[in-house]
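Residue numbers (UniProt numbering), protein chains in the order written: chain G, 1 to 162; chain A, 1 to 782.
Some clues are possibly wrong.
[Stated by the list, open to error] Okay, derived cross-link-like pairs now, SDA-like style, lysine to any residue, Cα gap no bigger than 20 Å in a straight line:
(1) A:Lys-22 <-> G:Asn-30
(2) A:Lys-22 <-> G:Arg-11
(3) A:Lys-13 <-> G:Asn-30
Bear in mind the hints are in silico, worked out from the structure with no lab data behind them.
Note that the structure is a prediction, hence the values are computed from the model and not measured.
Take a look at the letters that make up each chain.
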Amino acid sequence: MAKVKMTVNGRQVGSECDDRTLLVHFLRENLGLTGTHVGCDTSQCGTCVVHMDGRSVKSCSILAAQAAGSDIVTIEGLASGGELHPVQAAFKANHGLQCGFCTPGMVMTSVDMIRRHGAALDEATVRAELEGNICRCTGYHNIVQSVLAAAAEMGGAKEAAE
Amino acid sequence: MGVEGIGARVARKEDKRFLTGKGRYTDDMTVPGMKYAFFVRSAYAHARILSIDTAAAEAMPGIIAVLGGKQLQADGIGNLICGWMIHSKDGSPMKMGAWRPLAHETVRYVGDAIAIVVADSLSEARDAAEAVVVEYEVLSAVTQASLALADGQPQIHPEAANNIIFDWQLGDGDATDAALARAAHVTEMKIVNNRLSPNPMEPRATLGIYDDAEDHYTCYTTSQNPHVARLVMSAFYNVAPENKLRVIAPDVGGGFGSKIYIYPEEIVCLWASKKTGVPVKWTSDRTEAFLTDAHGRDHETTVKMAFDADHRIIGLKVDTIANIGAYMSLFSSATPTYLYATLLSGQYDIPAIHANVRAVYTNTAPVDAYRGAGRPEATYVMERTIETAARELGVSPVELRRKNFIRSFPHQTPVIMNYDAGDFDASLDAALAASDYAGFPARKAAAAARGMKRGIGMSCYIEACGIAPSAAVGSLGAGVGLWESAEVRVNAVGTIEVLTGSHSHGQGHETTFAQLIADRFGVPMDNVNIVHGDTDKVQMGMGTYGSRSGAVGMSAIVKALDKVEAKAKKIAAHLMEADESDIVIENGELKVAGTDKTLPWFQVALAAYTAHNLPSGMEPGLKETAFYDPSNFTFPAGCYICEVEVDPETGKTQIVQFVAADDFGNIINPMIVEGQVHGGIAQGIGQALLEAVHYDPANGQLITASYMDYAMPRADDLPSFQLSHQTTPCPSNPLGIKGCGEAGAIGSPPALINAITDAIGNNDLSMPATPQKVWLAANVAH
Chain G
1 MAKVKMTVNG
11 RQVGSECDDR
21 TLLVHFLREN
31 LGLTGTHVGC
41 DTSQCGTCVV
51 HMDGRSVKSC
61 SILAAQAAGS
71 DIVTIEGLAS
81 GGELHPVQAA
91 FKANHGLQCG
101 FCTPGMVMTS
111 VDMIRRHGAA
121 LDEATVRAEL
131 EGNICRCTGY
141 HNIVQSVLAA
151 AAEMGGAKEA
161 AE
Chain A
1 MGVEGIGARV
11 ARKEDKRFLT
21 GKGRYTDDMT
31 VPGMKYAFFV
41 RSAYAHARIL
51 SIDTAAAEAM
61 PGIIAVLGGK
71 QLQADGIGNL
81 ICGWMIHSKD
91 GSPMKMGAWR
101 PLAHETVRYV
111 GDAIAIVVAD
121 SLSEARDAAE
131 AVVVEYEVLS
141 AVTQASLALA
151 DGQPQIHPEA
161 ANNIIFDWQL
171 GDGDATDAAL
181 ARAAHVTEMK
191 IVNNRLSPNP
201 MEPRATLGIY
211 DDAEDHYTCY
221 TTSQNPHVAR
231 LVMSAFYNVA
241 PENKLRVIAP
251 DVGGGFGSKI
261 YIYPEEIVCL
271 WASKKTGVPV
281 KWTSDRTEAF
291 LTDAHGRDHE
301 TTVKMAFDAD
311 HRIIGLKVDT
321 IANIGAYMSL
331 FSSATPTYLY
341 ATLLSGQYDI
351 PAIHANVRAV
361 YTNTAPVDAY
371 RGAGRPEATY
381 VMERTIETAA
391 RELGVSPVEL
401 RRKNFIRSFP
411 HQTPVIMNYD
421 AGDFDASLDA
431 ALAASDYAGF
441 PARKAAAAAR
451 GMKRGIGMSC
461 YIEACGIAPS
471 AAVGSLGAGV
481 GLWESAEVRV
491 NAVGTIEVLT
501 GSHSHGQGHE
511 TTFAQLIADR
521 FGVPMDNVNI
531 VHGDTDKVQM
541 GMGTYGSRSG
551 AVGMSAIVKA
561 LDKVEAKAKK
571 IAAHLMEADE
581 SDIVIENGEL
591 KVAGTDKTLP
601 WFQVALAAYT
611 AHNLPSGMEP
621 GLKETAFYDP
631 SNFTFPAGCY
641 ICEVEVDPET
651 GKTQIVQFVA
661 ADDFGNIINP
671 MIVEGQVHGG
681 IAQGIGQALL
691 EAVHYDPANG
701 QLITASYMDY
711 AMPRADDLPS
721 FQLSHQTTPC
731 PSNPLGIKGC
741 GEAGAIGSPP
751 ALINAITDAI
761 GNNDLSMPAT
771 PQKVWLAANV
781 AH
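Required output: the full structure, derived from the provided sequences and hints.
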């Protein structure tokens with residue numbers, strides 16, 4: 001057992017866990033942040049994606065102990081002040097989700113994707129970047145539309161601010 | 001149509017919780033004292049269990065109990081059953097073998113549950129499960145249905161000689177044989193429909209809670225139909241009587257059929273909770289899901305399609321062997337019979353049809369309904385065969401289909417179904433236009449100049465949804481009625497709760513059902529809540545599958561709304577001293593037509609509950625219940641056209657265009673309907689290009705048991721889709737809805753395979769059309 005401390009959604013947290021505890025289980029079981037999901041056991045499905053120090057990671061492929069001291073953002077920490085993040089809003093406006101199970105991972109992956117590519121994202125890039133996130137409901141069509149819409153919105157907002 | 005009414009593209013009410021991590025799925029549930037379960041499962045496809053030694057496991061840290069099948073049976077827990085009786089053509093009932101929730105004598109597939117380990121933590125349960133020693137006498141196994149029915153093969157259940165569960169037929173064999181004998185041309189094919197794993201992204205899970213003080217059970221589970229789960233667990237599995245068993249299906253992360261069925265784990269966790277005195281939660285990992293979730297498809301078929309000299313289809317003969325797996329799942333007998341052979345007329349006027357289906361046990365996971373359930377198999381047979389016939393006859397596949405279309409409705413097929421409405425030319429025309437079919441030769445030539453092989457293929461599908469008229473399915477062997485229930489509760493302040501027996505696991509019922517209420521009464525959707533998925537809240541329901549939630553579930557709501565409206569009008573007429581027949585409901589108000597007298601909706605609701613001034617003899621309150629039993633199936637139909645480019649160097653297929661033209665009848669929310677079609681097409685493309693469950697034929701081991709081995713469609717495997725809708729309203733339900741949930745998965749596989757075989761000039765290609773297979777087929781053609 002080890003006491004693991006990290007920042008999660010802006011808050012300092014610490015909890016005892018088994019050495020073999022994965023970050024996803026630490027978030028779900030120790031912190032009760034059940035928005036991060038487990039959809040496979042081979043690091044393929046991407047339902048567990050969170051941000052670690054600003055970059056998207058599959059929280060099933062990292063030990064909680066490895067994340068000690070880092071800054072974690074989960075799906076629960078993305079919206080601020082009751083306002084959906086532009087990526088969340090775009091998924092809603094474009095019907096980019098159905099059963100909702102892959103959605104947290106899709107959104108967290110998309111936020112990181114847009115951070116790296118900005119408004120220059122095109123459909124082929126979005127599809128390639130979503131390779132590590134599996135959705136069984138949407139056929140990806142509306143997820144791709146959601147990401148492109150959010151990228152345009154966020155890129156546009158950036159330009160307006162400059 | 002208002003901004004929120006029928007036909008409006010309303011963003012979903014349920015989205016915010018899913019987008020902010022507030023969805024509540026079964027594995028998210030925790031209750032005080034909850035412990036974790038892990039199942040010991042068979043490592044062999046077929047074996048006798050000689051002994052089970054749990055002593056070492058029980059001594060491990062954190063272990064509460066290790067429980068097996070002997071104890072379960074001693075406690076009177078029943079075997080799992082198939083709820084649809086099929087009789088063979090000799091009149092004998094289907095030969096169903098025993099499926100014990102925990103096997104203690106014989107295991108029949110890899111993953112068969114043997115024992116449950118309950119521990120303080122999941123890792124302790126998993127570790128202890130490793131320490132349970134099961135001694136097996138390994139028996140030989142068979143995984144392919146057409147092999148399993150031969151003499152000398154392993155016998156899987158003593159009840160089913162040669163592993164044949166039933167040998168069933170539908171249609172007129174003599175008339176069909178006569179048509180084949182006099183035909184000018186017969187197209188004959190052998191067609192395999194590949195076995196698939198449904199793979200909802202949320203793995204199955206269950207939390208069983210036994211309350212000793214109340215002698216009451218609560219079951220959280222990943223179910224598409226919690227009421228059916230409760231009914232079956234009470235009536236057949238002897239878990240608890242219905243009044244002592246509450247089943248809750250909270251947010252459910254996709255189902256696609258695989259969460260219709262009651263599996264051993266729900267039963268065992270409830271029983272184990274009573275045995276151990278602690279709540280017991282089990283969550284499948286993905287490997288367990290591949291091993292134990294009911295698979296889909298797996299048909300081997302021979303088909304003969306007979307044409308006269310004028311290219312009219314005069315007969316169709318189909319012989320199918322359906323792999324049922326090691327046990328008969330809940331609706332496994334209906335899927336390859338009444339959900340399959342009844343659709344073998346397709347969109348075509350065929351005077352004589354005969355289908356023979358043999359259902360066969362094998363040492364594989366149970367097979368049952370998966371998105372489309374029988375109808376994709378029927379459509380694949382029909383649309384591959386008619387396309388092949390067009391090639392053999394040297395005629396246009398468009399014109400051959402057109403020549404044989406049904407154009408007069410109602411149309412009675414020779415295989416039970418009575419098509420009530422449709423316009424097959426309209427969907428075909430729309431798809432031809434959207435795909436620029438006429439421009440294909442030029443695109444093919446341009447592709448050839450780049451060294452690519454371009455092909456185009458189509459599929460004109462029809463399916464049967466709105467499942468189903470209870471008396472009709474009862475006469476065909478169903479153990480349940482397939483109506484739906486609804487309760488509409490108008491609160492004293494005018495807000496509305498709709499309780500439905502339908503279950504939403506991605507379909508957006510909280511939105512579309514609320515749109516119906518908004519449309520009817522003019523109240524804002526925000527004032528309407530949809531309640532589902534809890535047997536303590538909704539009295540009874542039959543759940544969601546077979547695209548029945550719109551056609552059947554919403555029709556029940558309409559019936560309840562009719563009653564609410566009638567009572568509200570009586571109250572309004574009384575309060576405004578008008579004639580009841582003069583009251584109209586508009587924009588959230590009850591008005592006396594032709595006057596300026598008006599009462600807001602909430603005031604009428606309040607009057608119903610204050611009961612100070614109601615019409616003489618009227619009961620207080622404004623709450624009504626209805627059950628709706630459909631009078632017919634509904635018949636969504638459409639035309640899909642797919643265009644591909646095959647790289648002859650690698651065999652890789654790229655879908656360059658996918659057009660879907662669907663007739664779903666009336667549509668409540670086009671945005672949600674489009675999403676259903678996108679998802680269905682993706683699963684169909686998955687079947688055609690990528691997905692297949694493989695067992696090692698030598699020993700029955702599942703080879704495709706993870707996402708490293710089973711190719712799920714990913715974003716970069718798929719194109720964007722071009723959709724359109726043609727509308728012939730369904731005449732058999734009040735909203736004119738046909739249903740849209742399965743069409744994409746039904747229509748797309750044959751369109752894709754027709755396109756690839758067109759591209760490579762070789763018709764001998766099976767699904768999934770992997771690059772290796774396509775490369776081989778392309779080079780054989782050379």
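Here is how each hint holds up against the structure:
{"no.": "1", "hint": "A:Lys-22 <-> G:Asn-30", "result": "holds (17 Å)"}
{"no.": "2", "hint": "A:Lys-22 <-> G:Arg-11", "result": "holds (19 Å)"}
{"no.": "3", "hint": "A:Lys-13 <-> G:Asn-30", "result": "violated (30 Å)"}
In this structure, only the earlier hint numbered 3 is contradicted, and the remaining ones agree with it.
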